[in-house]
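Colleague: Spelled out, the chains give:
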Amino acid sequence: MIDDSSYARTRRTLFSSARLLSVLNLDGPLLLGLGALAIYGLIILYSASGQSVDTIVRTVMRLALGTAAMLALTHASPNVLRRLAPWLYLIGVLLLLVVAVSGVIGKGAQRWLNLGLFKFQPSEIMKLAVPMLAAWYLHDRPLPPTWSSLLMLGLIIFLPTALVAVEPDLGTAALIAASGALLVLMAGLSMRIIVMVLLGTVAAALLGWSSLHEYQRTRVLTFLNPQTDPLGAGYHIIQSQIALGSGGLFGKGWMNGSQAQLEFLPERSTDFIFAVVGEEFGLIGLIVLLALYLFIVARSVWLAMQTNDTFSRLLALSLGLTFFVYVFINAGMVSGLVPVVGVPLPLVSYGGTSVVTLLAGFGILMGLYSHRKLIGS
Amino acid sequence: MNSQVRIKNQWNEQRIFAQRTFAAMLVITVLILTLIGRLSYLQIVRHDYYMELSQGNRVRLDPIPASRGVILDRGGNILANNEPAYQLELVREQVPDLNDTLKRLVNLGLIDPDELEDTRRVIFSRRSFDDVPVRLRLTEEEIGRFAVHRHEFPGVDLATRQTRHYPFGQLGVHALGYVSAISEQDLERIDRAAYAGTTLIGKLGVESAYEPQLHGRNGFRQILVNAQGRSVQRQGAYAPVLRSQPPSAGDDLILSIDLRTQQAAEDGLGDHRGAVVALDPNTGDVLALASKPGFDPTEFARGISRSEYATLSDNIDKPLLNRALRGTYPSGSTIKPVIALAGLTYHVVDPNKQEFCAGVFHLPNSRLLFREGKTGRHGWLDLTHAIAKSCDVYFYGLAATIGAERIASFMTPFGYGALTGIDISGEKPGLLPSPEWKKTAFKRKEDQVWFPGETVNFGVGQGYLLVTPLQLAHVASVLAASGKSFRPRLVTGVRDAAGKIQTIAPVAEPAIQGVSDADWELVRGGMVGAATYGTAAAMSKGATYSIAGKTGTAQVFTVARSASLSAKVEERLKDHAWFIAFAPVEAPRIAVAVLVENGGFGASAAAPIARKVMDAYLLRQNTPNPAEIVTPEAQADD
Numbered sequence: 000m001i002d003d004s005s006y007a008r009t010r011r012t013l014f015s016s017a018r019l020l021s022v023l024n025l026d027g028p029l030l031l032g033l034g035a036l037a038i039y040g041l042i043i044l045y046s047a048s049g050q051s052v053d054t055i056v057r058t059v060m061r062l063a064l065g066t067a068a069m070l071a072l073t074h075a076s077p078n079v080l081r082r083l084a085p086w087l088y089l090i091g092v093l094l095l096l097v098v099a100v101s102g103v104i105g106k107g108a109q110r111w112l113n114l115g116l117f118k119f120q121p122s123e124i125m126k127l128a129v130p131m132l133a134a135w136y137l138h139d140r141p142l143p144p145t146w147s148s149l150l151m152l153g154l155i156i157f158l159p160t161a162l163v164a165v166e167p168d169l170g171t172a173a174l175i176a177a178s179g180a181l182l183v184l185m186a187g188l189s190m191r192i193i194v195m196v197l198l199g200t201v202a203a204a205l206l207g208w209s210s211l212h213e214y215q216r217t218r219v220l221t222f223l224n225p226q227t228d229p230l231g232a233g234y235h236i237i238q239s240q241i242a243l244g245s246g247g248l249f250g251k252g253w254m255n256g257s258q259a260q261l262e263f264l265p266e267r268s269t270d271f272i273f274a275v276v277g278e279e280f281g282l283i284g285l286i287v288l289l290a291l292y293l294f295i296v297a298r299s300v301w302l303a304m305q306t307n308d309t310f311s312r313l314l315a316l317s318l319g320l321t322f323f324v325y326v327f328i329n330a331g332m333v334s335g336l337v338p339v340v341g342v343p344l345p346l347v348s349y350g351g352t353s354v355v356t357l358l359a360g361f362g363i364l365m366g367l368y369s370h371r372k373l374i375g376s
Numbered sequence: 000m001n002s003q004v005r006i007k008n009q010w011n012e013q014r015i016f017a018q019r020t021f022a023a024m025l026v027i028t029v030l031i032l033t034l035i036g037r038l039s040y041l042q043i044v045r046h047d048y049y050m051e052l053s054q055g056n057r058v059r060l061d062p063i064p065a066s067r068g069v070i071l072d073r074g075g076n077i078l079a080n081n082e083p084a085y086q087l088e089l090v091r092e093q094v095p096d097l098n099d100t101l102k103r104l105v106n107l108g109l110i111d112p113d114e115l116e117d118t119r120r121v122i123f124s125r126r127s128f129d130d131v132p133v134r135l136r137l138t139e140e141e142i143g144r145f146a147v148h149r150h151e152f153p154g155v156d157l158a159t160r161q162t163r164h165y166p167f168g169q170l171g172v173h174a175l176g177y178v179s180a181i182s183e184q185d186l187e188r189i190d191r192a193a194y195a196g197t198t199l200i201g202k203l204g205v206e207s208a209y210e211p212q213l214h215g216r217n218g219f220r221q222i223l224v225n226a227q228g229r230s231v232q233r234q235g236a237y238a239p240v241l242r243s244q245p246p247s248a249g250d251d252l253i254l255s256i257d258l259r260t261q262q263a264a265e266d267g268l269g270d271h272r273g274a275v276v277a278l279d280p281n282t283g284d285v286l287a288l289a290s291k292p293g294f295d296p297t298e299f300a301r302g303i304s305r306s307e308y309a310t311l312s313d314n315i316d317k318p319l320l321n322r323a324l325r326g327t328y329p330s331g332s333t334i335k336p337v338i339a340l341a342g343l344t345y346h347v348v349d350p351n352k353q354e355f356c357a358g359v360f361h362l363p364n365s366r367l368l369f370r371e372g373k374t375g376r377h378g379w380l381d382l383t384h385a386i387a388k389s390c391d392v393y394f395y396g397l398a399a400t401i402g403a404e405r406i407a408s409f410m411t412p413f414g415y416g417a418l419t420g421i422d423i424s425g426e427k428p429g430l431l432p433s434p435e436w437k438k439t440a441f442k443r444k445e446d447q448v449w450f451p452g453e454t455v456n457f458g459v460g461q462g463y464l465l466v467t468p469l470q471l472a473h474v475a476s477v478l479a480a481s482g483k484s485f486r487p488r489l490v491t492g493v494r495d496a497a498g499k500i501q502t503i504a505p506v507a508e509p510a511i512q513g514v515s516d517a518d519w520e521l522v523r524g525g526m527v528g529a530a531t532y533g534t535a536a537a538m539s540k541g542a543t544y545s546i547a548g549k550t551g552t553a554q555v556f557t558v559a560r561s562a563s564l565s566a567k568v569e570e571r572l573k574d575h576a577w578f579i580a581f582a583p584v585e586a587p588r589i590a591v592a593v594l595v596e597n598g599g600f601g602a603s604a605a606a607p608i609a610r611k612v613m614d615a616y617l618l619r620q621n622t623p624n625p626a627e628i629v630t631p632e633a634q635a636d637d
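Respectively, the protein sequence lines represent chains H and L.
At position 61 of the first sequence (counting the first as 1) the number is 60 in numbering that gives the first Met the number 0, and the numbers step up by one without a gap.
At position 385 of the second sequence (counting the first as 1) the number is 384 in numbering that gives the first Met the number 0, and the numbers step up by one without a gap.
To be clear, the hints were calculated from the coordinates, so they are not data collected in a lab.
Cβ atoms here follow ideal geometry from the backbone N, Cα and C, with glycine treated the same way.
Do not rely on the hints blindly, as some may be mistaken.
Residues from chain L that keep clear of chain H, each with C-beta distances beyond 12 Å, as calculated [claimed, not checked]:
1. Pro-245
2. Glu-508
3. Leu-521
4. Thr-543
Derived pair list, reagent style EDC-like, types lysine to aspartate or glutamate, alpha-carbon separation capped at 20 Å [as the list claims (entries may be wrong)]:
5. L:Lys-7 <-> H:Asp-139
6. L:Lys-202 <-> L:Asp-422
7. L:Lys-7 <-> H:Asp-308
If we strip away everything but chain L, and leave its shape as in the complex, we get (with noise of 0.2 Å):
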């Protein structure tokens, strides 16, 4: 065996020993410089990349809301502005003894006593340093209340946060549309960085068409925050700078609406549902946008409970509904001076022609008896009287005579069957038939035949045909101005929040070529005939500047109608009231549209209402200025 003794030998150790040393040495300077190395990469190089999330870390962007745009009327009425709402809010590390705090704010009647177990937990899901509201909308008595009390209550403080106020309630509420809390489609849509701090925005109506317009752009306060998410003011011994940027108000719009004529326009309808639509021919101004029953948007701003929020969309009526954009009906009668003109541009009629109405129209080649409406039998008329008293008879027989492919080409540059282009959204087309739209409306091939019996319907506005009450008043608009009109809207300008104001230009449409001057005319003595010896002569009595318009009654059944239904369903089988109207008859300065559901006859329950409508901006009488009436204090102290 090779075994061998082996005994120390110094020399050799003293050999390992220095070997080992000297690359034990070498082994620690790589090491060394490889540290300084990363330290160098992380501190020279990256340097710039974790300032940033040093800095990320360090300072929170606390975000400061713009107010919002306030909103005026022509007048320079304020009809939504802001108002500061109060609400209670606690920090749980500043309160000695919460369920002790928690009951005596019960024992005030600050909190619901059914809601301290869900307020108790909202307070301790949050941290401890935040400020949790407990109590959201304070009336004015709990302020007091509390303000009394407020020094036995350490770590509970008021807080405001500004929300929506619309002074007078419910008017032009279907205008205005409304705020409310930011949902999830909303974030979608939005900028959730330009948002963030904002709790409110617009829905429907101008608030919301304008939202980018009335949002303005928020400012923010930099904070020094540490781990914990706690705001403190010194890092170690230092307090560092922080900046801020103020944030910049929104802008104001200035509406079109007249506050007069819509208050006219509201009185009118009442407790009626039904809509009106008032716009200046010369610029497409919309004067008044009214549809009830409404709506306060105020209690959307506050906040609105689900089970106040059902209440409004289960009702049978609708107030949710803007009809004025969103409802569609038969035209009605409404529809004969169109119908009247479509004839004089084609010369199938001569306007000067008696014809004889025995109450019926018999259409050629066929069985078929079109009977007059309640109006009964006319006797011989021409053209404009056929306009002034309505006679179904005439215009069953004039539209036959032009064919529905030619009334339907006619109407459509008056806007039938197509948006209006109003600066809000929601807006219905309403539907213009003709026998092309029925080949491909309907699926079952014996559907879409067109039958002649239709087109003598056309003739007085009942059948297929739907319009809505803003596309009437753009209608009458049309008629007023001899084929020339204005895309309505409702912000006629905005002012920024330096007080500068910045119009914005009413949009001409293409004018209707081909209709002579004297065809516009005649038919506009037919609409002044109705408003005075007509159908409507009613409404004109002791006016003192001339009126045109047409009475139209819309069909909502035409089944025989059954005894046995009770008296609330037989009020809405009723059929649809109309009224469309412009005045001044020589330099029409308003034109306007009324629908009345359930209204029965035109003449008797919708030209009145216009009739006060045109009083009301043209006289500037009749109707009080509603700001007289409910000013925004009174408003407040309710």
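Bound conformation, chain H alone (with noise of 0.2 Å):
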């Protein structure tokens, strides 16, 4: 009897909460991953930022706007998506062009735009309007793609990446470059070229390599190598290097690492923070966190896969790979597998609007998967 009532007020309380999240257009699994995701980021935060109060609220407030933002998305429906995705690429590009020449006047690199109440990133724009616009482009159009189709993509993907690359800041171009190529790609990209790319570009490479200067191959070496640099270039990968390998399997315990704590480790709190959960948790923490990521990229990509129009499904795609190499590219820089650039590890890096960017576009994920047209119906 009493199994039965506690299992009815169980079923009760599933029942009620999947009918509030239905009514959200929200996805459960995915939320519960955020969410875990978003908590043990800021427990590694307060840590990394030497217990800072002050950066735990400041995050907390910029994860409660972008859920906001999120919340607001899931009701956009994929036509109305659509409709916006060439105005919001537009005004996107346009705001580029704003940053790009009062930067000029500024004379220096120029990424913010301040409108007053808070400072505003337009390239973070872009990470959701690039790939908006080429499912936009290609909805119509049958796949694979034609030349055609290719170049009209490679100009869309071309244009804000540049714009976003001279500012300078690599990492986000490289971020939206991704969003834009992976949609090409998982809209069947033939295999020869996928193949022709990449064997141009090892032929470009190596081409590159005999007419480089000595000095200029010196500093793609060290790159390669930090070693040889240990104080200048090298100081960041070698520092975030040895937190990671002394904190072993099982980490040296929150708050006691000390190559965080003690600020030899550079951008603790921010595009190395990474490292932090690998110094203070061990490889143990890592693979806690590196699951946690999967997770939510494969539940992403399941997502996508129950949308039946091609708008949807491409869109969705690309946001949940593209999260996937924000994850990869920090990971890997960290761990110094992949060259330094500034990407942060979403979601628990501190700072900058990508949080809001991010669950803005988990939020229009969820919107495509909610609205998807069921067959039959």
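Two independent chains are provided; combine them into the complex using the hints.
Modeller: Given below as structure tokens:
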């Protein structure tokens, strides 16, 4: 009897929350994964920021803002998003031009637009606008894309990437390019072209290497082997590898990582926070973190597969896979697999407007899923 | 044309999506596994390596210098010890207004206004949290002045460091040596790690020769530092356990030097340039080793300025030169007892046969004349009297009879021309000439010939022969002990930090072979004669013990003296005065060599000093114990 009633209560609770989620157009598992990641992120950020409550408060505010954007965007139907895509792209490019011009006037790298109340990075818009416009462009066209389509897509991706790259913000530029490129790949770009591009890249690299000056080669080699320049360019990566390696399997314990707490690790609460996880929670902590990311990516891809119009599917897949690119570039950079580029660890690194953009992206993704046309209905 | 309208094929697209998604998930899996592989390599395979690097980042070793061993004389008097020196240190970030603070320190007279800019530059060349010394070597009066105003100077404080102190000032400086800042040359021969935190290192003398024993082993303290190098208490939420190791003090040295005897030697030399070495013939112990003028070693330990050093090194009297070990002079007549022994041993002289001294010696088959020194003509005398009265003519003839080759080979085991092997460095070997030596020493053929006249001069210790005061003290001890001798030494024992004394056994040198006891006795008789009725009769007046001695006068210039030379230079052209002696003759306990540069006659200039030294050692009188005159406390007060 007791079992029965408790079973019923559980069922009722589950049922009512499921109903709430469906009203809000949210996906339970994905939301759970994102929530767990955000909490994990706040725990490590408190340690990595040197126990700064102020940092935590700011991050929670950004998360709240991002959640609001996510909740709002879940209600946008694919048709609305598709119609909005060109306008969003246009506005984004215009803002980037404004930034570029004011950057020239201000004589320095310029990424921000000061909107009075808060600063805003127009390049963040492009992380969503580029895959949206690319998906919009391919929506009515047959797949795999034709040569002329590919040319058009190339332009769509290249323009904002170049504008962001000259700011210069190579990390964001790489992510914008990746979001577009992944979409084209998923759209069925022929294997022949993929292989040709890969071979072309290798050939260009070899050709480029032979035409480099000696000092330029040294620079590239330093990039690949930081030990040759331990106090200059190599310092970040050496210190982050010391942090990771000294953490071992179980880590040194929360708020007890000497590399992070004594500031040997540069950018400890932003780009190199992955090393703080590794130092304080060890390999176990990192595997838990990577498992959370993998779950979020896999769930995103699964949701994308459930949609059944070209626009939704391409956009959703691009959003989910770009999220993984974020993780891999950051983790690869910190552990020395990938050259140092300024890409934050998504939803964990402190600062920037990327939290808002990322959550907005997941809002779009969940919205696309909940507005899917069920076959047969 | 193969133009064909393409329309969307939903089923085909569905298939492409499925394939591509599968491929994407495959790639993602591979990448994640690569990442985990890389992380496992860093965190498991290379964990120990990176743990060490991380430890090296956060922990700095702060050395704790060991206290340097103390140096004692044979009676336990402290000759060198350690004293704190005070300096003023400033931490920039703790000073509210640096310019104002420096100005007020100048007003207090603690910083020289001329050095203000240098001081400021030094402060800004260091990190804001470093202790920067802004004033070294504070006097007690200055310490007091600062102490009164200390509360007005946040971020400025007194700091102590250990420095070397020599309670008796210049006394025995050429035996002790001194310590001073570690130089570039020192760094090349020491273990830098072992000297981290050490500021002073031994130079010259015992301080240098026994540096490893005196230095001790420095300790360390682990300090937690952050990336800026600042010392911190906590890392994140925790304060880690840090290790430290206390230093172990250096060993104390017990010297053979007898303070009273040393004081007598230096008092005896007074303002003269010269050297005294006194040895115990039974052990080789150096009872006194004096070289005048000297210098105050404490100045070096405190830090000597360039101009102060230049004053010492440019001084015409060469206070930095250790004349006892490094001053080489002709031996003069002190050689005569050894020549006499050679004659007796080679059986070329009848000791009882009277020879006539007419004040001049004619070298056979030559027109050369060799004149008696200032002692005039001696008339008839035998070997004993020839030594006692230091008759040149007798020894001209004897040397010519023995021959230069045999003289040189007989003198070799006495230590002429060779290092005595004393346990401090810098000793010079002097020169024992011989026809063989002359062939190799000169380039020109005509210079390589040994002339008979040179043999004659050899007999009275002139010519090429060069000896050090230490060598002649050793010769005196050989004569005293009938050919037996010990290697001269300054250190007789080492006392470790626990107070355990390890004595060092004397090192016996090979005894001189082939000389009969009767011959030793005969020559000693000549030396006793010199001290009682001969050239040095005046020095033994009133002595309660028997003395054997020999005077010597080493010519500085043989050329005619110009009357136009100034008095100062004139004084430096006078002959060097020598005296060697040992006592008591029946059972010798002390052998002495005294050299007075430009002192003139050995009998008048050098012999009285030797008497004072022997009195001080054998009678423990005539010289008050210097520790009662200059106590360490009295020294510190001035």
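Colleague: Could you run down the list of hints and mark each one as holding or not?
Modeller: Consistency of the hints with the structure:
In this structure L:Pro-245 is separated from chain H by more than 12 Å, as the shortest Cβ-Cβ distance comes to about 26 Å. Here L:Glu-508 stays apart from chain H, with its beta-carbon at least about 59 Å from theirs, past the 12 Å limit. Once the 12 Å rule is applied to beta carbons, L:Leu-521 is consistent with being away from chain H; the minimum gap is 80 Å. For L:Thr-543, the condition that its CB be more than 12 Å from all CB atoms of chain H holds, with the nearest at approximately 77 Å.
Our distance criterion of 20 Å between C-alpha atoms is met by L:Lys-7 and H:Asp-139, whose separation comes to about 8 Å. Annotation: proposed proximity of L:Lys-202 to L:Asp-422 holds, straight-line Cα distance about 14 Å (limit 20 Å). For the hint pairing L:Lys-7 with H:Asp-308, the CA-to-CA distance comes to about 11 Å; that is within 20 Å, so the pair holds.
In summary, this structure violates none of the numbered hints.
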